[in-house]
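Participant: Listed in order, the protein sequences are those of chains A and B. Mapping to this note's numbering: the first sequence position 21 is 21, numbers consecutive. Convert by adding 98 to the 1-based position in the second sequence; the result is the number in this note's numbering.
Hints listed in this document are in silico derivations from the structure and should not be mistaken for laboratory results. Treat the numbers as computed from the prediction; the structure is a model and nothing was measured. All C-beta atoms, glycine included, are put in the ideal place defined by N, C-alpha and C. There's no promise every hint is true.
[As the list claims (entries may be wrong)] Computed, partial: chain B to chain A, Cβ under 7 Å: (1) Pro101; (2) Ala157; (3) Ala158; (4) Ala161; (5) Val181; (6) Val185.
These are the residues of each chain, in order.
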Amino acid sequence: MNLAATTAFFGTDIPTLVAGVILLFSILLMLVRAIAGPTVWDRILALNAIGTKSVLVVALLGFMTKRPEFLDIALVYAILNFLATIAILKYARKRRLG
Amino acid sequence: MSPTIMLDVVLLALVIIAGIAAIEVRNLFASVMLASIYSLLMACFWTTMDAVDVAYTEAAVGAGISTILLMGALVLTGETEIVRRAVHWPALGACMLVGALLVYGTLDMPKFGDANAPAHVHPIYAGFTKQDIRKDPSGKSHDDNVAAEKAAAHTEAEAHAETAHGHDDYFHGHVPNQVTSVIVAYRAFDTLFETAVIFTAGMGLIVLLRGRRGNPLKGGLL
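Input sequences plus hints: build the corresponding full structure.
Facilitator: Next comes the structure, spelled out in structure tokens:
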């Protein structure tokens, strides 16, 4: 199968496809760590990493569907992810919020 | 095969894993983490479905505020679930049955993005554009009007043309899609029922959270 036929079959170009597969696989690895993780820090790190990966998934989706405006949504996700991580870390350190 | 379909399938599989793990895990802190992961993946899925506003809400409420609220609940309670629950088979069966019925119900729905879905082509405004009930001088009942409209039924193509481009003072036939019509041209109805939903939720919260001092059946609502 040559390059053009592969592109037509998958509906997107090869680098985007490879990036998508790697992203989803890394999300799966993080999910395993979040479920199995023995310590609290493993789980916090897994959550934060999945947040970062979802930012990348939204950005990748924008380029896959030829709508780079999705980058704005990805930025909003990054901000929200930061907020939740701060609250979780505060709870993990002090056992209280606020 | 469309790449977004593949993305959808993998994302939903991950969502299912996260959801089941969030229920099954005994450490409540881990459960909160997994619920947050569930929301993040769901937000990605909504984005692939082109529902960007829903995705925003899911990310802000599901992954942001809900996580913080659940953390606040963890402050007040313990961190591990002590009682191991047994599976309640009749309840599981009832859930499966309802789920199967809902999936069966979706078989009748039009395909995703179908331009010929009933919501787009149903000629509901055709009669209104012909003769507005409020302006009707003959004093006939509403049913008579409907019958007359049905008698004067034109071909579906004509009706659709009128639906799409009705021109009168009341926004009837403003847009062909009925849902969009309610959201855009009949904004007041949308807001009215949204307000009703939020009011009901607020009343429920007040009733739940007003405390349990004394006889709950005595005294006022608050």
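Participant: Under the criterion of a CB-CB separation shorter than 7 Å, is valine 181 of chain B in contact with chain A as hinted?
Facilitator: Interface hint status for valine 181 of chain B: violated (21 Å vs cutoff 7 Å).
Participant: Would the hint on valine 185 of chain B be counted as holding, given a Cβ-Cβ threshold of 7 Å to chain A?
Facilitator: Where the cut-off is 7 Å and the nearest Cβ of chain A is about 20 Å from valine 185 of chain B, the hint is violated.
Participant: Going by Cβ atoms only, is proline 101 of chain B closer than 7 Å to chain A?
Facilitator: The hint holds - proline 101 of chain B has a Cβ within 7 Å of chain A, the shortest such distance being about 5 Å.
Participant: A closest beta-carbon separation below 7 Å is what the hint needs, so does alanine 161 of chain B meet it against chain A?
Facilitator: Given a least distance of 6 Å, the restraint on alanine 161 of chain B holds.
Participant: Would the hint on alanine 158 of chain B be counted as holding, given a Cβ-Cβ threshold of 7 Å to chain A?
Facilitator: 6 Å, holds
Participant: Hint validation: alanine 157 of chain B versus chain A, beta carbon distance must be below 7 Å. Holds or violated?
Facilitator: 5 Å, holds
In summary, the structure is inconsistent with hints 5, 6 from the numbered list given earlier, while agreeing with the others.
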